[in-house]
Amino acid sequence: MLDLLLFAVFPYVAVVLAVVVGMYRYFNARFSYSSYSSQFLETRALFWGSVPWHYGIIVILLAHLLAALFPDAWAALIAEPGRLYALELVGLALGLLALVGMALLIARRLYNARIRSVTSLLDWVLLAVLLAQVALGVWVALFYRWGSAWYLSSITPWLRSLTVLQPQIDAVVVLPLVVKLHALGGFVIIALFPFTRLVHLIVFPLAYLWRAPQVVIWNRRAGDRRRG
Amino acid sequence: MFQEKCAGCHTIGGGDRVGPDMEGVTALRDRDWLVRFIVEPDRVIAEGDPIAAALLEQFGMPMPNLGLTEAQADAIVVYLEAQAGDAPAPPPEPPVSVTAPTGDPDIGRDLFSGASRLANGGAACIACHDIAGVGALGGGALGPDLTQTHAKFGADGTAAMLANLSFPTMIPIFGTRPLTPEEQAHLAALFQQTAEVGPPAQPVGQLALAAAAGAALLFGVMHLLWRRRLTAVRRPLVKG
Chain E
1 MLDLLLFAVF PYVAVVLAVV VGMYRYFNAR FSYSSYSSQF LETRALFWGS
51 VPWHYGIIVI LLAHLLAALF PDAWAALIAE PGRLYALELV GLALGLLALV
101 GMALLIARRL YNARIRSVTS LLDWVLLAVL LAQVALGVWV ALFYRWGSAW
151 YLSSITPWLR SLTVLQPQID AVVVLPLVVK LHALGGFVII ALFPFTRLVH
201 LIVFPLAYLW RAPQVVIWNR RAGDRRRG
Chain W
1001 MFQEKCAGCH TIGGGDRVGP DMEGVTALRD RDWLVRFIVE PDRVIAEGDP
1051 IAAALLEQFG MPMPNLGLTE AQADAIVVYL EAQAGDAPAP PPEPPVSVTA
1101 PTGDPDIGRD LFSGASRLAN GGAACIACHD IAGVGALGGG ALGPDLTQTH
1151 AKFGADGTAA MLANLSFPTM IPIFGTRPLT PEEQAHLAAL FQQTAEVGPP
1201 AQPVGQLALA AAAGAALLFG VMHLLWRRRL TAVRRPLVKG
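The listed protein sequences correspond, in order, to chains E and W. Position 1, counted from 1, in the first sequence is what this note's numbering calls 1; the numbers after and before it change by one each time, with no gaps. Position 122, counted from 1, in the second sequence is what this note's numbering calls 1122; the numbers after and before it change by one each time, with no gaps.
To be clear, the hints were calculated from the coordinates, so they are not data collected in a lab. Ideal placement from N, C-alpha and C gives every residue a C-beta, glycine not left out. Check before you lean on any hint, since a few could be wrong.
As the list claims (entries may be wrong) - These stretches of chain E come out as covered by chain W in the derived footprint (C-beta under 8 Å, 3 or more residues):
no. : stretch
1   : 77–87
2   : 92–104
3   : 108–118
Turn these sequences into a full structure, and let the hints guide you.
Now the structure itself:
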């Protein structure tokens, strides 16, 4: 019963929350669709936290997504043990990169008074969940090998069954506790998405790629220099 | 039905395997308890039944729920009772082997590693299991190491396990995608070959070290590429 709630009901609750609250926030508080960058307040530690975190987590998320969308191609990709090991090693390295990055980001928020004062309770919750989720992922990658292979027969069918509204949880409920926590963690993050600054991930300024270039000129300071 | 569902782990008079020898079990246990345990061992164990707990401790592995109905369990108990009736005279035959191991261990290894895909679409063994000689970093660690399968369970036990794969984590995957008889034979041959080899070493340390080195390398690359990336836009402008 609990399994049914956690693996067949909760994912829908999370996605519905993400969509409905996300839309409500978009139409009612559009300026809150932001990462609330604190780069203005501090840049050095931000660089060593944010850059590794984002490059690590984006590639890893993509891998989770691709293995769910194209399981056959994925299976062909890892059919040779050498390729499987290469993929797992790259994944684990990126996982560690994200883990260290997130730890640095949290430390930065904890120890820098200026950053701490612009951090809300929900920010802390989100950061803790993200750190736990990445730590669990690294744990799974190390001690429940080879995730990139068993994902295809234990996780992909579950995710697919959720998307066609016929939840099949039998393959996922028999997995070890750490793996189940990691799977649930993903949906906890989806549920947190509309309430936190995580919303920034759907307002990535892609339009910058094709908009006309803008030249920014600071003319006042230049004038100062001429006078001086 | 006994051959199909139980013989992977149990014998009648052939000694303990993964689970206890079933010889004389009908005299040892209450009939209703037997039927119920066969139908829902997971629940009996979860309820803290003392007999089930003792068995779990002795064999170190819970009996999986095989999804049998009460009528089927009853039929199995009737069969066990009949076997017990015959028992005193000749010791019962060990279970008949389902497939004679005429497989090729090399084909078995390719099936294990996923180089050849399983005909019915089941996951390659390497995803969850390790075995000696399957690759530099070994097989998976979600399930047990299979190097000693043949040594532990013998040809018949191995054959029956391969035929059913009635383990809780495997039923949802292989229940509808069983191994073909040829695949079973090839894998059985592989297990026979690895029976004399010791279990492979755990590569966790190597793996963690290599990944940590990779992560450190990426940090270095970031430093070289983007040292100045998040510095304010204005500062260099003002300087210039």
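Structure-based check of all given hints:
1. 77–87: Contact hint for the stretch 77–87 of chain E vs chain W: holds, 7 residues under 8 Å.
2. 92–104: Result for this restraint: holds, n = 7.
3. 108–118: Violated - the stretch 108–118 of chain E has 0 residues with a Cβ nearer than 8 Å to chain W, which falls short of three.
Violated hints amount to a single one, hint 3; each of the other numbered hints is respected by the structure.
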